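S.K.: Start from the sequences, fold in the hints, and give me the full structure.
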Amino acid sequence: MNDGRSIDLTVATLEGEAAQQIAPSREEIEPPPVSVAGGYYGRPYLKPPVWIWSIPTYFFVGGIAGSAMTMGWAAQMFGGREFRRFEQHCRWVGALGGCVGTALLIHDLGRKERFLFMLRVFRPTSAMSVGSWVLATATPLSAGSALLARADRPLRQLGDTAGAAAGLLGMPLAAYTAVLLANTAVPLWRESRRSLPLLFAASSMASMASLFELMSLSNREQAVVRRFGTIGRAGELAASLQLEREAGPAVKPLRQGAPGTLWNAASVLTASSLVVSLLPGKGRKKRILSGVLGLLGSACVRFAVFHAGKASARAASPEPELPRFPE
Amino acid sequence: MPKGFFTDTTVCIGCKACEVACKQWNQLPEDGLHFSGMSYDNSIELGASTWRHVAFIERPVALSGQNAGDLSWLMLSDVCKHCRRAGCLEACPTGAIIRTEFDTVYVQPDICNGCGYCVVGCPFGVIDRLQSDGRAWKCTMCYDRQKDGMEPACAKACPTDSILFGEVSDLREKAAGRLAQLHERGVKEAYLYGADKHSQPGTEGLNAFFLLVDKPEIYNLPREPEAPSIRAKQSWLSLAVASAGMLAAAIGAVMSSRGRGAR
Numbered sequence: 001m002n003d004g005r006s007i008d009l010t011v012a013t014l015e016g017e018a019a020q021q022i023a024p025s026r027e028e029i030e031p032p033p034v035s036v037a038g039g040y041y042g043r044p045y046l047k048p049p050v051w052i053w054s055i056p057t058y059f060f061v062g063g064i065a066g067s068a069m070t071m072g073w074a075a076q077m078f079g080g081r082e083f084r085r086f087e088q089h090c091r092w093v094g095a096l097g098g099c100v101g102t103a104l105l106i107h108d109l110g111r112k113e114r115f116l117f118m119l120r121v122f123r124p125t126s127a128m129s130v131g132s133w134v135l136a137t138a139t140p141l142s143a144g145s146a147l148l149a150r151a152d153r154p155l156r157q158l159g160d161t162a163g164a165a166a167g168l169l170g171m172p173l174a175a176y177t178a179v180l181l182a183n184t185a186v187p188l189w190r191e192s193r194r195s196l197p198l199l200f201a202a203s204s205m206a207s208m209a210s211l212f213e214l215m216s217l218s219n220r221e222q223a224v225v226r227r228f229g230t231i232g233r234a235g236e237l238a239a240s241l242q243l244e245r246e247a248g249p250a251v252k253p254l255r256q257g258a259p260g261t262l263w264n265a266a267s268v269l270t271a272s273s274l275v276v277s278l279l280p281g282k283g284r285k286k287r288i289l290s291g292v293l294g295l296l297g298s299a300c301v302r303f304a305v306f307h308a309g310k311a312s313a314r315a316a317s318p319e320p321e322l323p324r325f326p327e
Numbered sequence: 328m329p330k331g332f333f334t335d336t337t338v339c340i341g342c343k344a345c346e347v348a349c350k351q352w353n354q355l356p357e358d359g360l361h362f363s364g365m366s367y368d369n370s371i372e373l374g375a376s377t378w379r380h381v382a383f384i385e386r387p388v389a390l391s392g393q394n395a396g397d398l399s400w401l402m403l404s405d406v407c408k409h410c411r412r413a414g415c416l417e418a419c420p421t422g423a424i425i426r427t428e429f430d431t432v433y434v435q436p437d438i439c440n441g442c443g444y445c446v447v448g449c450p451f452g453v454i455d456r457l458q459s460d461g462r463a464w465k466c467t468m469c470y471d472r473q474k475d476g477m478e479p480a481c482a483k484a485c486p487t488d489s490i491l492f493g494e495v496s497d498l499r500e501k502a503a504g505r506l507a508q509l510h511e512r513g514v515k516e517a518y519l520y521g522a523d524k525h526s527q528p529g530t531e532g533l534n535a536f537f538l539l540v541d542k543p544e545i546y547n548l549p550r551e552p553e554a555p556s557i558r559a560k561q562s563w564l565s566l567a568v569a570s571a572g573m574l575a576a577a578i579g580a581v582m583s584s585r586g587r588g589a590r
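Chains S and E are the protein sequences, given in the same order.
In terms of this note's numbering, the first sequence opens at residue 1 and continues consecutively.
In terms of this note's numbering, the second sequence opens at residue 328 and continues consecutively.
Because the hints were derived from the structure by calculation, they are not lab data.
All of these numbers come straight from a predicted model, not from anything done at the bench.
There is no bait here: all hints are sound.
The list that follows gives simulated cross-link-like pairs (lysine-lysine, DSBU-like), each with its CA atoms no further than 30 Å apart:
{"id": "1", "chain 1": "S", "residue 1": "310", "chain 2": "E", "residue 2": "560"}
{"id": "2", "chain 1": "S", "residue 1": "252", "chain 2": "E", "residue 2": "560"}
{"id": "3", "chain 1": "E", "residue 1": "524", "chain 2": "E", "residue 2": "560"}
{"id": "4", "chain 1": "S", "residue 1": "252", "chain 2": "E", "residue 2": "542"}
{"id": "5", "chain 1": "S", "residue 1": "310", "chain 2": "S", "residue 2": "112"}
{"id": "6", "chain 1": "E", "residue 1": "515", "chain 2": "E", "residue 2": "501"}
{"id": "7", "chain 1": "E", "residue 1": "524", "chain 2": "E", "residue 2": "474"}
{"id": "8", "chain 1": "E", "residue 1": "501", "chain 2": "E", "residue 2": "542"}
{"id": "9", "chain 1": "E", "residue 1": "524", "chain 2": "E", "residue 2": "542"}
{"id": "10", "chain 1": "S", "residue 1": "310", "chain 2": "E", "residue 2": "542"}
{"id": "11", "chain 1": "S", "residue 1": "252", "chain 2": "S", "residue 2": "310"}
{"id": "12", "chain 1": "E", "residue 1": "501", "chain 2": "E", "residue 2": "474"}
M.R.: What follows is the structure, encoded as structure tokens:
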């Protein structure tokens with residue numbers, strides 16, 4: 001064994017608790033950086049999240065899917081016949097977003113082949129367990145409702161029932177990811193636990209409306225999307241201000257460095273998309289501009305919160321004014 | 328019967344026999360051969376393949392009962408705390424993390440799919456995902472040895488009995504006795520960290536608790552650790568409010584567009 005286990009396999013067997021642990025090669029091992037700056041040699045007392053880019057991307061995509069499912073249900077209930085097409089668009093966006101989101105989540109797993117273990121148990125204390133079940137239920141329901149829309153009456157009714165169920169699940173799907181972040185030890189996420197779900201829900205509404213603004217829609221559909229988007233965008237801006245207040249001192253990582261830039265960019269993008277969408281005029285170019293700005297703004301919010309959380313865990317060091325020897 | 332560790336830092340001599348015994352018994356791979364330059368601590372922190380870690384704290388502060396001037400050297404053999412209310416266990420979506428018959432917290436390597444949620448669920452920063460392996464790992468309190476009635480390797484190897492293993496109720500008694508003894512000798516800084524639910528409500532007490540002589544922060548332990556689920560209700564409630572708002576907005580948007588002509 002050349003991975004530091006120093007085990008002579010002619011006399012010993014690999015049966016220890018960690019015998020199957022796959023070790024990194026010696027070149028891959030990077031010692032944690034230490035310093036005399038403060039705390040325990042500058043080390044945080046928390047481990048930073050191990051998640052990669054696909055997780056905040058999922059927050060974004062899953063948000064669009066969830067909002068679309070809910071909007072599809074609203075259109076199904078109150079839209080009447082002329083909203084059938086819009087309703088179908090919503091269902092398909094929900095189904096497709098759910099599939100892409102699932103792929104993004106699997107991509108981050110350390111053991112991708114075990115992705116189905118996510119449905120091995122249901123654990124209400126784990127927002128990730130609850131979310132996995134919501135995602136795994138809502139996605140096929142949304143796809144099923146879309147597929148059955150053109151079928152004959154009994155089947156179509158079944159499809160509508162599935163659409164309603166997907167619409168109900170779409171709400172938690174859009175923003176459970178905020179609860180998932182809030183229920184961690186990471187100071188920024190934990191301290192903003194009340195405003196984070198509001199921010200993610202509003203952001204998912206804004207991004208869903210923004211995506212639909214890129215499509216060609218009827219006047220009525222345009223009006224629906226614009227109103228939904230206006231509430232989402234305004235909500236997103238308000239919730240981000242609320243988050244800065246709620247987080248208190250833990251907000252620091254969101255105010256500096258790359259996450260700070262993303263956070264500010266998000267506000268600027270969302271605000272401009274709100275302004276553009278409310279300008280008079282019905283041009284297609286106007287809608288596309290506001291849609292693109294809105295999508296970018298929502299994506300920036302998720303990436304800013306995600307990366308600021310990583311920085312927040314890395315900075316989780318006890319008081320810097322602990323007694324030190326003079327240098 | 329709940330089993331646990333009582334780590335009395337006042338008798339730790341920093342020999343790292345626990346670190347070595349842990350690595351050897353569990354057949355853990357190395358973490359590289361690096362010199363940190365920070366006192367005698369080269370393993371730096373607990374991690375996926377470091378399940379015992381001896382912290383060395385050199386500080387310009389006198390410790391009562393000693394006559395070394397304004398200097399004291401603290402050592403602490405850190406380990407997974409096997410919290411009564413464990414953040415990692417509550418976060419695990421696959422059921423890979425379980426509570427064993429010894430009341431310890433154990434990660435089943437054949438179930439863990441490496442989702443990484445336990446890593447941010449732990450208020451002590453103990454458990455970590457090993458990039459090369461893909462799964463999350465931490466101290467098992469030598470589950471395999473315990474099943475055969477043996478004490479964990481670190482406790483067995485500890486030459487000063489700084490690490491005591493046993494039934495948690497017994498350990499609490501011993502710890503209380505030791506604390507009284509130290510206070511009697513004038514080491515008034517001594518106190519127990521995480522010994523019970525009363526002193527650490529956020530974890531409902533640790534099955535692996537400590538006797539310390541300075542603030543927890545000095546040892547890189549959080550002052551008030553808390554299983555994240557304790558405040559979960561607030562975020563779920565907020566999600567419920569947000570959901571209601573979203574549904575109202577969707578219905579409102581559809582309803583208010585009535586009466587407009589089709590394209």
